[in-house]
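A.B. asks: Build out the structure end to end from the sequences listed, making use of the hints.
Chains A and B, in that order, give the protein sequences. Under full-length UniProt numbering, the residues of the first sequence are numbered 1 to 434, in order. Under full-length UniProt numbering, the residues of the second sequence are numbered 1 to 434, in order.
It should be emphasised that the hints constitute simulated quantities derived from the structure, not laboratory data. Cβ atoms here follow ideal geometry from the backbone N, Cα and C, with glycine treated the same way.
Taking lysine to aspartate or glutamate and the EDC-like style, the derived pairs with C-alpha atoms no more than 20 Å apart in a straight line are: (1) Lys-208/B <-> Glu-166/A; (2) Lys-208/B <-> Asp-162/A; (3) Lys-137/A <-> Asp-162/B.
To be clear about the criterion: a stretch of chain B counts as covered by chain A if any three or more of its residues have a C-beta under 8 Å from a C-beta of chain A, and this derived list gives those stretches: (4) 138–150; (5) 204–215.
Covered by chain B, according to a simulated footprint, are these stretches of chain A (three or more residues, beta-carbon under 8 Å): (6) 143–152; (7) 159–165; (8) 209–215; (9) 220–227; (10) 231–240.
Okay, here's what each chain looks like letter by letter:
Protein chains: 2
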Amino acid sequence: MEPVSAAVSAVLPAGGSGERLGGATPKQFCGLQGRPLVSYAVRAMERVSWISDIIVVVSPENIETMKSIVEKYGHKRVTIVKGGITRHRSIFNGLKVFAENQSSNRLLQKPEVVIIHDAVRPFVEEDILLKVVMAAKEHGAAGAIRPLVSTVIASGEDGCLDHSLERARYRASEMPQAFLFDIIYQAYQQCTDHDLDYGTECLHLALKYCKTNAKLVEGTADLWKVTYKRDLYAAESIIKDSLSQQICIITDVKEAVVQAGFLLHESLKNQVKVEAISISLSKNDSHLQNIFSGECYNFLCINDKEYATEEIQQLVDMLEKSNVPLLYPVVLILVHLNISENISFSIGLEELTKIKKFAREVKKKNILVYGLLIQYKVTERTWHIGGDTNTPIKANFCLSWRQKDLSLQHPLYSQKLSKVNNFVWEMCSANRKT
Amino acid sequence: MEPVSAAVSAVLPAGGSGERLGGATPKQFCGLQGRPLVSYAVRAMERVSWISDIIVVVSPENIETMKSIVEKYGHKRVTIVKGGITRHRSIFNGLKVFAENQSSNRLLQKPEVVIIHDAVRPFVEEDILLKVVMAAKEHGAAGAIRPLVSTVIASGEDGCLDHSLERARYRASEMPQAFLFDIIYQAYQQCTDHDLDYGTECLHLALKYCKTNAKLVEGTADLWKVTYKRDLYAAESIIKDSLSQQICIITDVKEAVVQAGFLLHESLKNQVKVEAISISLSKNDSHLQNIFSGECYNFLCINDKEYATEEIQQLVDMLEKSNVPLLYPVVLILVHLNISENISFSIGLEELTKIKKFAREVKKKNILVYGLLIQYKVTERTWHIGGDTNTPIKANFCLSWRQKDLSLQHPLYSQKLSKVNNFVWEMCSANRKT
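C.D. replies: Right under this line is the structure:
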C-alpha cells in the first residue's frame with residue numbers, strides 16, 4: 001500500500017561550505033561512525049518507498065566525492081546535480097532537473113510533490129515526511145516547525161536591544177518542507193537575484209510569488225540541523241545509541257534451545273529491547289523479515305547443532321538481502337549450546353578455523369560475527385563458556401570458568417546466562433564504541 | 001589585577017524541570033562524566049576571580065541534592081536559594097537575597113553588577129562574562145546574542161505561514177546577561193504576575209520597566225543551552241575532547257632526562273598539544289603554576305631517580321593546591337628512566353607495593369597515577385618498558401618487549417619512545433572513555 005497517491009521526489013541541497021563548523025570538511029561530508037552525514041540523509045529518504053528520485057545538489061568540487069559516496073554505500077535512487085553559489089540557487093538547479101529533463105543519466109519524471117530537505121538533517125522519519133507531503137498536496141506548500149529554544153530579539157543600529165519577540169507567537173522553520181512542484185518551480189522562476197543570493201527560506205518564496213501560505217507542521221526534536229561541531233558529536237551519539245537499543249534472539253524450535261532463548265530474553269531485557277523468536281531457519285520466515293526491515297542491528301542466534309553452518313549462511317544471506325548492513329554494521333552472535341555429556345569442552349581447531357574464515361568473509365559485508373560456545377555437563381555440574389572473538393573484531397574476549405556449587409533454578413541454563421548476557425552486551429557495544 | 005572595578009555576583013536559575021529532555025532527572029542535575037551539569041556551570045563561575053557570590057536557585061525538592069553537589073565538588077562561593085514556580089520568579093528570589101540580606105548562612109554584599117546565567121550552559125568563558133559585565137556597567141544591561149540557526153516565522157490562526165522574519169535583522173538572545181543590580185531589581189519589583197508567570201527574558205524586563213536598552217554582545221557558539229538529550233551528548237563529548245587535548249611533560253634539569261622529554265614532546269605533538277618544561281621540582285616553579293591554572297589535565301613526569309617519591313609527592317601537592325582535580329580527574333604518568341647497566345629490569349615488589357599504595361591514596365583526590373619503567377641496557381641493545389597500571393585505574397595495561405636490532409637515531413631514546421607515546425595516549429584516553 002502506497003500511503004501517498006502522488007508522485008513524490010526529493011531535493012537535498014548539500015552544497016554548503018560548513019564554515020560554522022570550523023573545520024576544513026563541509027559538514028555534509030563529515031563522517032559519523034565512518035559514514036558521511038549526507039549518506040545518512042540520503043538513506044533516510046531511500047527508506048521511504050514512495051519517494052521516487054532523490055536529487056543531491058553539491059558544489060562542483062564535491063561531485064566526485066558525492067559519486068564515490070553513492071557507490072560505496074549503494075544508494076540507488078540518487079541523481080547528483082551541480083549546485084550554485086547559494087542555497088537557493090542550488091535548490092533551483094535541483095528542481096530544474098525535473099522540469100527540463102536535463103539529467104544526462106536518465107529521464108526523471110516530474111513529481112507532483114517535491115520534498116526539500118537538508119543533507120545535514122540525518123534523522124528525518126517517514127512520519128513527518130508523510131505529513132508535510134500530504135499538507136503540501138492540500139495547501140500547495142508545507143514545512144516542519146519547532147518551538148524556539150531562545151528568545152528572538154531585534155537589535156537597533158546602536159547594537160542595543162530594540163525589542164524582543166513574544167516567543168509563543170513565533171516558530172523556528174525547519175526541514176523537511178514539501179511543495180506542489182509547479183508552485184515552487186514557478187516561484188523560483190520569478191525570483192530576483194537578490195532572492196537567490198540572500199534568501200534561504202523556500203516557504204517565503206512560495207508565499208511571495210505564488211501567494212501560497214504554507215501549512216506549518218509541528219516536527220520532532222530529531223529534525224535539528226547539524227550546524228556546529230557539537231551537533232556532529234550529538235548526531236554520532238544518537239546513532240550509537242540507536243544501534244545498541246535492540247537485540248533479536250533467534251532460536252530453532254527445539255525445546256532446550258527455545259528455553260535458553262527465553263532465559264536469555266529475561267536476563268537481557270533490563271538492558272535492551274529484546275525480541276525473541278523461534279523459527280525454523282530453513283523456511284523464509286516472515287516474522288524475521290519484519291525484524292530485518294525494522295532496523296535491528298544485533299542478532300543472537302542460538303542452536304544446538306554442531307556448527308550449524310547452513311543455517312548461519314542462510315541468516316547472513318537474509319541479512320544481506322534486507323539491506324540492513326548497508327547503513328550500519330550488524331552484530332551477529334552465534335551461541336552454540338552443547339548439553340551432551342561426552343563431548344569435551346574445547347572447540348576443535350578445524351571448526352575454529354572454519355568459523356574464523358567465515359567471519360572474515362562476512363565482515364566484508366558489514367556483518368560482524370562472534371562465536372560463543374556453552375557447554376553443560378550434567379554429571380559435573382560444570383559450566384563452560386568459551387568465547388571466540390579472535391574473529392575479525394577488535395575487541396578481544398576469552399572467558400571460561402567452572403563453578404562447582406551452582407544452585408540453578410533451571411537445571412540447564414538460568415543463572416549462568418547472566419554471563420552470556422554480559423558477553424552479548426559487550427559484543428554489541430564493542431563496535432559502537434570505536 | 002582585578003579586570004572589573006565593581007562588585008560582581010551571579011545568579012544561576014537552576015529550577016527547571018527539564019521536560020524537553022524527556023527524562024526523569026532535570027537536565028541541570030544530569031551527570032556528564034559523572035558530574036552534574038550544574039556543577040560545571042558553577043565551576044565556570046568560580047574560576048572567575050572577580051565574581052564574589054554565586055546564587056544557585058533550585059526548586060524546593062532539589063535543595064538537598066544541590067547541597068550535596070556543593071559539598072561533593074567543593075564549591076566555595078555558592079549560596080543555595082529556594083526557587084519559585086517559574087524562571088522569572090526563581091531569578092527574583094535569587095536577587096532578593098542580595099537586597100534583603102535574608103540568607104541565613106551569611107551576609108551577602110549587594111553587588112553593583114549582577115550576572116544572570118543558566119545552570120545548563122556549562123561552557124561560559126571569562127571573556128564573555130567580562131564583556132557583558134563591562135557593557136552592563138556602561139549601559140545598565142547587556143546580554144550575549146548569537147545568529148539565528150533557523151529562519152523564524154509567525155504562524156497565522158489557521159496554522160499556516162503568516163510571514164517569515166528577515167534572518168539578518170534578528171538574533172537569538174542567549175546567556176550570560178548582566179545588569180546594574182538596582183536596575184534589574186527595580187524591574188522585577190515592578191513586574192506583573194503575568195510577567196513573572198509567562199515571561200522568560202530579563203532584557204525585556206529591563207527595557208519595559210526601566211527603559212534600559214540592553215547592549216547586545218556577540219557570543220561564541222559554546223554558549224548554547226543544554227535543552228534536548230542530544231545537547232547532553234554534545235556537552236559530554238566537548239568535555240572529553242577538552243580533557244585530552246593537552247599534556248604537560250615535566251622533567252628535572254638533568255641532560256638525559258631533558259633529552260627524553262624533548263623526544264617524547266616531538267613524538268606526542270602530532271596527537272595532542274604538548275608543553276614540555278624542565279624544572280627543579282624542589283623549587284616552586286611559577287611556570288608550572290601557570291600550567292596548573294591553564295586547565296591542563298594530563299601530566300607526565302620523567303625522572304631518573306629510583307622512585308623519586310619526594311618529587312612526586314610535591315607534584316601531587318601542587319596539583320591539589322591548584323584546584324585542577326576539583327573539576328575533572330587528572331592523569332599523572334610517572335616515567336622512570338633507568339639507563340644504568342647493572343640494574344635488572346623488574347621493579348622490586350616492595351617498590352611496586354609502595355607505588356600502588358600511593359596511587360590508591362591520591363585517587364581519592366581525583367588524581368590518577370600511572371607508573372612506567374623504561375630501562376635501557378647499552379650492552380644488549382635491549383629496551384624494556386614495563387607499565388604498572390594495576391593501580392587504581394580500570395584500564396589494564398602491561399607491556400614489555402625486547403628488540404635486538406634497533407637503529408636508534410639517538411642512542412638512548414628516540415624510536416622506542418613512540419611506544420611510550422602510545423602508552424601515554426592510552427592512559428590519557430582511558431578514563432575519558434568510561
